[in-house]
Amino acid sequence: MSAHARVRRGGAGTAVVGVFGELLITAGVVLGLFVVWQLWWTDVVALREQQQVLHALQWEPPPPAASAAPAPVERRDDPPVDPQPAFGQVFAQLYVPRFGPTYVSPIAGGVDREQILDRLGIGHYPDTAMPGELGNFATAGHRTTFGKPYNLIADLQDGDALVVRTRTTWYVYRVVSHEIVYPWQVEVISPIPGLKPGDPIPPLTERWMTMTACHPMFSARQRYVVHAKFDYWMPVSEGTPKELTDAGVKVIGAVGEGS
Amino acid sequence: MYGALWRVLPGPWWVRTLILLVLAAAIVAVCFEWVFPWVSTYVSFNQNTVG
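One line per chain: the protein sequences are E and Z, in this order. Residues in the first sequence are numbered consecutively from 1, following the numbering used here. Residues in the second sequence are numbered consecutively from 260, following the numbering used here.
Bound-form chain Z, shown alone (with noise of 0.2 angstroms):
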């Protein structure tokens, strides 16, 4: 899977790291900012109200 995602990758071998990390910072910002609240809201480990 990834060997194959470097495989298609163009360019030489730093312009393919490159393009790796703002791929992997795009989707932590994804998760963090839209996945992770969402999934956060069926993950009550914090309630903290009564009734």
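So that you can see chain E by itself, here it is in the shape it has in the complex (with noise of 0.2 angstroms):
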């Protein structure tokens, strides 16, 4: 008598165990792959979508810094302001070189999370204001996991730069201040921020930016916000902000980067 025949002797409540068991540690390993799908593979695809997103653009590259040439001219009058973007629309390029000298995200029209911030990064409030604009131009990106463009959103410090381009206009915002937040508390992404809903609005004399990202991280229960005020602006035709070019960062386009 073979060992097998005498297992299978066990009778049926040796084989519904057995099978339960076997459900069990199947359900173990699903859950296993569901953990690295999320931390890892939801990474790896965000990513590849959005380096392609960010060379469909083909935006035309600043010229190369000549040694000769005087620094770029920093321009605090007002900046020239883009319309609002179609929903889903990549309007402008975030560069932030506290996040690494590699680091660029896409920014696309709307905060949906399945169709814009799961796949082509950071999203725009809708009718918030535009990068330049009088107002606050917010925006939303995912701090773990779909590529994670705000992962580093608790490393900003007071003064860093927040670089953003549009297809013609660089736009330099300085971190001004930073808050914790629950998910209701919607005055983070006012024209002016902590203007309640539903306050009179006064006329709007600054330009502010506004990123917001989960908090603690892997949960759904806060906000983590960072505010930032406008700086100055340049044309993309006259050169490179000198927060990109000091802190070596990779402009997309540019020479030495090999698009």
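These are calculated hints, taken from the structure and not from any lab test. A couple of the hints might just be wrong.
On the chain E side, residues computed to face chain Z include the following (Cβ under 8 angstroms) [stated by the list, open to error]: (1) Val19; (2) Glu22; (3) Phe34; (4) Trp37; (5) Val111; (6) Leu117; (7) Arg143; (8) Pro183; (9) Gln185; (10) Val186; (11) Thr212; (12) Ala213; (13) Ala220.
Beta-carbon label-pair distances, calculated as ranges [to be verified]: (14) E/Gln222 x Z/Gly270: 55 to 65 angstroms; (15) Z/Gly270 x E/Pro126: 50 to 60 angstroms; (16) E/Thr168 x Z/Leu280: 50 to 60 angstroms; (17) Z/Val289 x E/Ile201: 42 to 52 angstroms; (18) Z/Val302 x E/Val186: 23 to 33 angstroms; (19) E/Pro101 x Z/Val289: 37 to 47 angstroms; (20) E/Pro126 x Z/Val289: 29 to 39 angstroms; (21) E/Gly159 x Z/Leu280: 51 to 61 angstroms.
Selected chain Z positions facing chain E (Cβ under 7 angstroms, derived; list incomplete) [stated by the list, open to error]: (22) Met260; (23) Tyr261; (24) Cys290; (25) Phe291; (26) Phe295; (27) Ser303; (28) Phe304; (29) Asn305; (30) Gln306; (31) Asn307; (32) Thr308; (33) Val309; (34) Gly310.
Positions of the beta carbon are idealized from the N, C-alpha and C atoms, including for glycine.
Join these two chains into a complex; the hints should help.
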């Protein structure tokens, strides 16, 4: 009599327990796979798509800095302002020297999770200000998973540059504050941060940028919010902001990157 | 369950192993491509918007 036959003679009860155990093991493996998918694969897929999106823009790169030429002029007059983007339209790129020299992420219209944030990177809250516009240029991005463009948001320090590029213009903002709020505290993206919804909006005199991400990491309980204020702008055709060149940040299409 | 599956599969042991590997790869692919994205819409630990 073989060992097999002896085991099988254990009866229906043993068989049921055996199958149940195997189902539990299977469930454990599937849960493990889900974690692998969520923490690793979503980054792989989203980063690949975001890189394709960035390069598909085919925006004219800034000219290389000539050693003899004067540094490009930092302009503080009224900057040009693009119209509101269509839903899903990639209208800007974000460079953040604090996030590393290879960091660049697309910014697209809308903050829908599946369509925008899980695929295209950073989303722009519809009808908040555009880059350079009076009011609050408000954005959202994942801090974990799906390419995690705002992964290092908590590393930002006051004075750090957030450099936004549209097709024609650089806009440089500087971090002034951060706060941790609950998801219903929409006043963080008001035209003046902190202005409660429904309050009368006074004449706007300042240009803000706001980033929102989840907090704590891997939780949906709160939001980590960074506010920045507009510093200066310059046309892309005149060069690259010194905040990027000084930090050795690679600008898409610029000489040396090989596109 | 898995014992029964092993006995049902045809061929020598290495053919059965190959079939199981292909099956496993297919199941993982289906999970990654369709099942997990669907599940994740109900598992919201990474929401990042206000309002």
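Structure-based check of each hint:
Interface restraint check: E/Val19 against chain Z, minimum CB-CB distance 5 angstroms, threshold 8 angstroms, status holds. A distance limit of 8 angstroms between C-beta atoms decides the matter here; for E/Glu22 the minimum to chain Z is near 5 angstroms, and the interface restraint holds. Given the 8 angstroms rule on beta carbons, the hint for E/Phe34 holds: about 6 angstroms separates it from the nearest Cβ of chain Z. The closest approach between the C-beta of E/Trp37 and any C-beta of chain Z is roughly 4 angstroms, which is under the 8 angstroms cut-off, so the hint is satisfied.
Given the 8 angstroms rule on beta carbons, the hint for E/Val111 holds: about 5 angstroms separates it from the nearest Cβ of chain Z. Given the 8 angstroms rule on beta carbons, the hint for E/Leu117 holds: about 7 angstroms separates it from the nearest Cβ of chain Z. With its C-beta approaching chain Z no nearer than about 6 angstroms, E/Arg143 sits inside the 8 angstroms limit, and its interface hint holds. Because the smallest distance between the Cβ of E/Pro183 and any Cβ of chain Z comes to about 6 angstroms, under 8 angstroms, the interface hint for this residue holds.
Satisfaction of the interface hint for E/Gln185 is found here, the shortest Cβ-Cβ separation to chain Z being roughly 6 angstroms, below the 8 angstroms cut-off. For E/Val186, the interface hint holds, since its Cβ comes within 8 angstroms of a Cβ in chain Z; the closest pair sits about 4 angstroms apart. Given the 8 angstroms rule on beta carbons, the hint for E/Thr212 holds: about 6 angstroms separates it from the nearest Cβ of chain Z. Given hint, E/Ala213 at the interface with chain Z, holds; its Cβ is 5 angstroms from that chain's nearest Cβ, closer than 8 angstroms.
Hint status for E/Ala220 relative to chain Z: holds, with the closest Cβ pair at about 4 angstroms, below 8 angstroms. Separated by about 56 angstroms at the C-beta atoms, E/Gln222 and Z/Gly270 satisfy the suggested range of 55 to 65 angstroms. A beta carbon spacing of about 59 angstroms between Z/Gly270 and E/Pro126 agrees with the range 50 to 60 angstroms that was offered as a hint. Between E/Thr168 and Z/Leu280 the beta carbons are some 53 angstroms apart, a value that agrees with the proposed interval 50 to 60 angstroms.
The supplied range of 42 to 52 angstroms is met by Z/Val289 and E/Ile201, whose beta-carbon atoms lie about 50 angstroms from each other. For Z/Val302 and E/Val186, the hinted distance range of 23 to 33 angstroms is satisfied, since their beta carbons lie about 24 angstroms from each other. Between E/Pro101 and Z/Val289 the C-beta distance comes to about 39 angstroms, which sits within the given range of 37 to 47 angstroms. A C-beta distance of roughly 35 angstroms is found between E/Pro126 and Z/Val289, which places it inside the suggested range of 29 to 39 angstroms.
For the hinted restraint 51 to 61 angstroms between E/Gly159 and Z/Leu280, the CB-CB distance of approximately 55 angstroms keeps it satisfied. Interface restraint check for Z/Met260: the shortest CB-CB distance to chain E comes to about 5 angstroms, inside 7 angstroms, so the restraint holds. Satisfaction of the interface hint for Z/Tyr261 is found here, the shortest Cβ-Cβ separation to chain E being roughly 6 angstroms, below the 7 angstroms cut-off. For Z/Cys290, the interface hint holds, the least distance from its beta-carbon to any beta-carbon of chain E being 6 angstroms, beneath 7 angstroms.
The beta carbon of Z/Phe291 is positioned within 7 angstroms of a beta carbon in chain E (closest approach about 5 angstroms), and the interface hint is therefore held. Here the hint on Z/Phe295 is kept, as its CB sits about 4 angstroms from the closest CB of chain E, short of 7 angstroms. Below 7 angstroms, beta-carbon pairs count as interface contacts, and Z/Ser303 has one with chain E at about 5 angstroms; its hint therefore holds. Taking 7 angstroms as the C-beta contact cut-off toward chain E, the hint placing Z/Phe304 at the interface holds, the least distance being around 5 angstroms.
Taking 7 angstroms as the C-beta contact cut-off toward chain E, the hint placing Z/Asn305 at the interface holds, the least distance being around 5 angstroms. With its C-beta approaching chain E no nearer than about 4 angstroms, Z/Gln306 sits inside the 7 angstroms limit, and its interface hint holds. At about 4 angstroms, the closest approach between the beta carbon of Z/Asn307 and any beta carbon in chain E falls short of 7 angstroms, and the interface hint on this residue holds. The closest approach between the C-beta of Z/Thr308 and any C-beta of chain E is roughly 5 angstroms, which is under the 7 angstroms cut-off, so the hint is satisfied.
About 5 angstroms separates the beta-carbon of Z/Val309 from the nearest beta-carbon of chain E, less than 7 angstroms, and the hint is met. For Z/Gly310, the shortest C-beta to C-beta distance to chain E is roughly 4 angstroms, which falls under 7 angstroms, so the interface hint holds.
Consistency note: the structure conflicts with none of the earlier hints.
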